[in-house]
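Protein chains: 2
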Amino acid sequence: MAPRIAVDAMGGDYGPHVVVPAAVEAAREGVHIVLVGDEARISAELAPLKTDGLDIDVVPATQVVEMDDKPGDALRRKRDSSIQVATRLVKDGQADGVVSAGNSGATVACGMFVLGRIKGVLRPALAGIMPTEKTPVVLIDVGANVDSKPQHLFQFGLMAEVLARHVLGLEKPSVGLLSIGEEEGKGNAAVRDAFDLFRESELRFIGNVEGRDIFTGDVDVVVCDGFVGNVALKLSEGLASSMSRILKRELHSSWLSRLGTLLSMRGFKRFKRVVDYAEYGGAPLLGLKGTVIVAHGKSNELAILNCIRMAATTVRNKAHEHLSDGLAVHAGLTNGSAKSAA
Amino acid sequence: MAPRIAVDAMGGDYGPHVVVPAAVEAAREGVHIVLVGDEARISAELAPLKTDGLDIDVVPATQVVEMDDKPGDALRRKRDSSIQVATRLVKDGQADGVVSAGNSGATVACGMFVLGRIKGVLRPALAGIMPTEKTPVVLIDVGANVDSKPQHLFQFGLMAEVLARHVLGLEKPSVGLLSIGEEEGKGNAAVRDAFDLFRESELRFIGNVEGRDIFTGDVDVVVCDGFVGNVALKLSEGLASSMSRILKRELHSSWLSRLGTLLSMRGFKRFKRVVDYAEYGGAPLLGLKGTVIVAHGKSNELAILNCIRMAATTVRNKAHEHLSDGLAVHAGLTNGSAKSAA
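Keeping their order, the protein sequence lines are chains A and B.
Here the numbering used here is used: the first residue of the first sequence is 1, the next is one more, and so on.
Here the numbering used here is used: the first residue of the second sequence is 343, the next is one more, and so on.
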């Protein structure tokens, strides 16, 4: 059976105009698409596209969560918002996963409160997937949790390893703990204690890694508290944009440079593609009873398509069952403190 | 009187061969230089340089802290190391400041234990100065402290503001608190409480800033815990290097691109200069009785020179007196918890 993915048609900076074509493309690739949002606008976007024979349903939702709505408010007061209706479809068994490029705080809150946690998960976490010089790296958590305890950090790593293995297709992903020195014993209190949990686990734990190791591609999963991860993710986006802007400015500063830039255009395009987040999917929210992918607000059609693909792969490869297995195997490492920490 | 700066001649990846010429150049600019380390090697580097009439002393030190020495060991077992001898010159009043590109953990430890804190300072902190699209930004703390309390974070901001104003020459530097959302109330427990201290202070506090704001140049001082700041600093270095490598690889992938790159060379050089850390000084360790500048291990001659310049400016502009004044003005905000937190 094809994976059924509910897509928040209203989400993101470009809304239905970008989301609907991306969803149609995913349907062409064999995904059962459920578009959720303003029926008239969705129909208008579907009209010019060839959708004959494709598995596309439309489920109406009368409200939209705005980018500046507070997650809690969105949850309570906009019960008929596209993101909440889409998430309820997963809860009610009418879809397997949900993708939204809307207000990411609201998407996370909907996932947490509507779907609930997989048994044994202490804290769901947001996995950021970032380009590197080699294969992408999974940074977890990138903002769903702050002040994480050691057992939380350990489970973040466990969940992201399942993602890396069963969704990104890495054979035996390596897991590193983000710290401020490679030696054991470096870091803050939570990281030092998490180190021991990782070392006792069955994960391929490579020890502490530092900020400079994230983008080399030499580690597959990097674990950190959501405060640190969110700063790291946004800093990376900001720095990449700033570097691109500075480069552009410098290369347009003389006629010779401009001519040179023109000749190098193909190289630049490839560079931009490597750096560009659009090629990578969004951030999966891991640990919930259902697949939730938080797409970047700026997502273009390709980015949305990649998010839907990732959601579909998660469902096809039964990542949730693998996660449950992993949690069971490692229950001894987190159970002791699970009750007090949950 | 000229500022007297003790320079660890043995420090850094390139040692005396790079440090000595940088120090001589600083002497030409009117700094009284005290070179500390292996006398024979220092003399050999000085010999071919024109040093007539310059204020350059050499103080011998028989030991060298290696890059893989642990800071505590270096402190206890290498009491005659160049970095420790240089720091003691400041302690004993024979120099006003010290610059080292050696083992940064050992440099920080020497500063902390040999010099001691300025009265009222809870925790000395390391200020990273990073290039942006506009003026450089001061990120504090970049690794001297982990698990910082709210009053520590507040003092980090206070110390960096003095640096930005009296050493970097900004008129009324803005101070932002690094968090994971701009609204008040966002962040972890320590950040939320620090927010209130900043708001009640006389600093030009602009509220929470996010990772993406660091490199825009729109905020002058960004305050965070040393764990977060260290990750941010190393991540930035790593990402900038990775982007440069990817760009280089792409631009060398065809003859047309290579020709184009050749024509754009001046633009690239300017880009590299903006991105390159060498143009900026090292990281000042703030809050100590004496000026300590931690230079990057990879520092080239220009980077070392800039560090010495920064140390000299700190002394000339009496930054320590301004810091003491700032601490006194804001004592009410940190005193209540100062004893328990110190």
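Treat the hints with caution; some may be incorrect.
Calculated cross-link-like contacts (lysine to aspartate or glutamate; reagent style DMTMM-like; alpha-carbon spacing at most 25 Å) [stated by the list, open to error]: (1) B:Lys-412 / A:Glu-184; (2) B:Lys-491 / B:Asp-538; (3) B:Lys-590 / A:Asp-218; (4) B:Lys-640 / A:Asp-80; (5) A:Lys-289 / A:Asp-80; (6) B:Lys-611 / A:Glu-200.
Think of the hints as simulated: they come from the structure by calculation, not from any bench.
Okay, the hints, checked on the actual structure:
A hinted pair counts as satisfied when its Cα atoms are at most 25 Å apart, and Lys-412 (chain B) with Glu-184 (chain A) qualifies at roughly 13 Å. Using a Cα cut-off of 25 Å, the hinted pair Lys-491 (chain B) and Asp-538 (chain B) holds, with the two alpha carbons roughly 13 Å apart. A C-alpha spacing of about 20 Å is found between Lys-590 (chain B) and Asp-218 (chain A), which places the hinted pair at or below 25 Å, so the restraint holds. For the hint pairing Lys-640 (chain B) with Asp-80 (chain A), the CA-to-CA distance comes to about 57 Å; that exceeds 25 Å, so the pair is violated.
Distance restraint check for Lys-289 (chain A) and Asp-80 (chain A): the Cα-Cα separation of roughly 21 Å lies within the 25 Å cut-off, and the hinted pair is therefore satisfied. Of the supplied pair hints, the one linking Lys-611 (chain B) and Glu-200 (chain A) is violated, its CA atoms being roughly 48 Å apart against a limit of 25 Å.
Of the numbered hints given earlier, the model fails hints 4 and 6; all others are met.
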